[in-house]
Structure formats: C-alpha cells, structure tokens
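Numbering of the sequence shown is given in the UniProt record's numbering, commencing with residue 1 and proceeding in unit increments.
Do not rely on the hints blindly, as some may be mistaken.
Derived Cβ-Cβ restraints for the label pairs, each shown as a range [what the hints assert, rightly or not]:
#	residue 1	residue 2	range
1	Val117	Asn154	47 to 55 Å
2	Gly165	Ile91	23 to 31 Å
3	Leu196	Gly98	18 to 26 Å
4	Ala143	Gly165	46 to 54 Å
5	Ile40	Ala143	33 to 41 Å
6	Pro84	Val190	16 to 24 Å
7	Gln169	Phe194	34 to 42 Å
8	Val51	His115	27 to 35 Å
9	Arg197	Gln87	33 to 41 Å
10	Thr155	Gln87	39 to 47 Å
11	Ala139	Lys36	32 to 40 Å
12	Ala159	Leu122	38 to 46 Å
13	Leu121	Tyr146	19 to 27 Å
14	Leu121	Gly165	30 to 38 Å
It is worth saying that the hints were derived from the structure and are not from the lab. We treat Cβ as the ideally placed atom computed from N, Cα and C, and that holds for glycine.
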Amino acid sequence: MKNESTPVDMPESSSVAKGKAPLIAVSRDEKGGYGKGIAIFDFVLRLAAIVTALAAAATMGTSDETLPFFTQFFQFQASYDDLPTFQFFIIAMALVAGYLVLSLPFSIVAIVRPHAVGPRLLLLILDTVALTLNTAAGAAAAAIVYLAHNGNSNTNWLAICQQYGDFCQKVSGAVVASLITAVLFVFLVVLSGFALRRH
Numbered sequence: 001m002k003n004e005s006t007p008v009d010m011p012e013s014s015s016v017a018k019g020k021a022p023l024i025a026v027s028r029d030e031k032g033g034y035g036k037g038i039a040i041f042d043f044v045l046r047l048a049a050i051v052t053a054l055a056a057a058a059t060m061g062t063s064d065e066t067l068p069f070f071t072q073f074f075q076f077q078a079s080y081d082d083l084p085t086f087q088f089f090i091i092a093m094a095l096v097a098g099y100l101v102l103s104l105p106f107s108i109v110a111i112v113r114p115h116a117v118g119p120r121l122l123l124l125i126l127d128t129v130a131l132t133l134n135t136a137a138g139a140a141a142a143a144i145v146y147l148a149h150n151g152n153s154n155t156n157w158l159a160i161c162q163q164y165g166d167f168c169q170k171v172s173g174a175v176v177a178s179l180i181t182a183v184l185f186v187f188l189v190v191l192s193g194f195a196l197r198r199h
C-alpha cells in the first residue's frame with residue numbers, strides 16, 4: 001500500500017509575503033519619538049540654564065555698594081572688581097552662557113535627528129567641560145561669600161555683610177544662580193548619557 005501525502009496550502013502573512021520579518025521589539029518610530037522627547041527636554045533645559053547663567057553674571061557684575069555716611073572724599077565702597085574671585089566668576093559664567101547659546105543649534109539637530117550620535121556625543125563632552133567651569137566659579141565665589149557673611153577670627157577677617165547688606169545680597173544671589181546652572185548641567189549630562197545608551 002502506497003502512502004500518499006497531500007500538500008496543505010498555508011497562507012503567508014503579509015509581513016513574510018513582503019519579505020519583512022515581523023516586528024517583536026519596539027519599532028524605530030517609537031524609539032525616535034522617545035529620543036525626540038529627550039532632545040526637546042534637553043533644549044528646554046538649555047534655555048533655562050542660559051537664563052540662570054546670565055542672571056548670575058549680571059547680578060555679580062552689578063554688585064556694588066557705597067556706604068552713605070561718609071564724605072565725598074572719604075568713602076567705603078564694596079564692588080565685585082575688588083576681588084579677583086568675583087571677576088573670575090563673571091568671566092566664567094559669561095563663557096558658560098555663551099557656550100549654552102552656541103549649543104542650541106546642536107540641540108535642535110538632536111531634535112530633528114534623534115538617532116544621530118555625533119551631536120549628542122559632542123554635547124555630552126562640552127557640557128561636562130562647562131559644568132566643571134561653572135562648578136569651579138560657583139564654589140570659589142561661595143567661599144568668598146561665606147567669609148563676607150561670617151568672617152574668620154583666626155585670620156582677623158571681618159564679616160562685612162552687616163555694613164554692606166545690598167552687596168552681600170547680590171553676590172549671594174549670583175552664587176545661588178550659578179549653583180542652579182550647575183544642577184541644570186548635571187541633568188543635561190545625564191540626559192545625553194541616557195540618550196546615547198539607548199543607541
């Protein structure tokens with residue numbers, strides 16, 4: 001007795017018929033949407049960091065006060081340019097703000113092309129350098145502001161903020177703005193690293 005087999009026709013799925021493998025993982029479009037969301041958030045953080053960096057530099061640059069109870073020829077005055085640390089702070093924060101403005105086109109490229117690795121890697125490296133500069137300037141200025149508020153009895157440095165209240169208020173505000181900028185830079189670096197890891 002002869003065994004005969006009958007072929008059974010199976011309909012091909014549309015993806016196999018077109019020569020494509022069925023999608024199991026997340027599609028590229030969904031990943032692109034996720035990457036675009038990260039890039040948009042990156043752009044918004046850069047705008048916020050520009051505002052805080054410029055505010056820090058401008059506040060420090062306008063911090064001066066003259067005590068009113070002295071004559072025209074004999075006055076006590078406190079200004080940012082009396083201390084090289086505050087001058088360095090203004091230059092550093094101006095450089096950071098300038099870099100952030102120049103980085104905006106690269107951030108826009110990351111929004112338009114969320115899968116591009118080059119602009120994101122460049123931003124990660126430059127953001128780390130800018131974060132270092134920002135932190136150095138903010139920490140140095142914070143040390144001087146601490147001395148202005150509390151003084152140091154061991155070295156006979158007197159606290160001047162009781163006399164120069166407006167000056168100390170402005171330089172303290174500038175330091176706080178620089179520290180906010182540093183925190184925004186930390187978020188930018190983490191976002192860039194996370195976006196690169198997903199590639």
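A quick look at each hint next to the structure:
1. Val117 with Asn154: 47 to 55 Å: Holds - the Cβ-Cβ distance for Val117 and Asn154, about 53 Å, lies within 47 to 55 Å.
2. Gly165 with Ile91: 23 to 31 Å: holds (26 Å)
3. Leu196 with Gly98: 18 to 26 Å: holds (25 Å)
4. Ala143 with Gly165: 46 to 54 Å: violated (20 Å)
5. Ile40 with Ala143: 33 to 41 Å: holds (37 Å)
6. Pro84 with Val190: 16 to 24 Å: violated (33 Å)
7. Gln169 with Phe194: 34 to 42 Å: holds (38 Å)
8. Val51 with His115: 27 to 35 Å: With a Cβ separation near 30 Å, Val51 and His115 satisfy 27 to 35 Å, so the hint holds.
9. Arg197 with Gln87: 33 to 41 Å: Holds - the Cβ-Cβ distance for Arg197 and Gln87, about 40 Å, lies within 33 to 41 Å.
10. Thr155 with Gln87: 39 to 47 Å: violated (22 Å)
11. Ala139 with Lys36: 32 to 40 Å: holds (35 Å)
12. Ala159 with Leu122: 38 to 46 Å: 45 Å Cβ-Cβ, so the 38 to 46 Å window holds.
13. Leu121 with Tyr146: 19 to 27 Å: At roughly 38 Å between Cβ atoms, Tyr146 and Leu121 fall outside 19 to 27 Å, so the hint is violated.
14. Leu121 with Gly165: 30 to 38 Å: violated (47 Å)
Of the numbered hints given earlier, the model fails hints 4, 6, 10, 13 and 14; all others are met.
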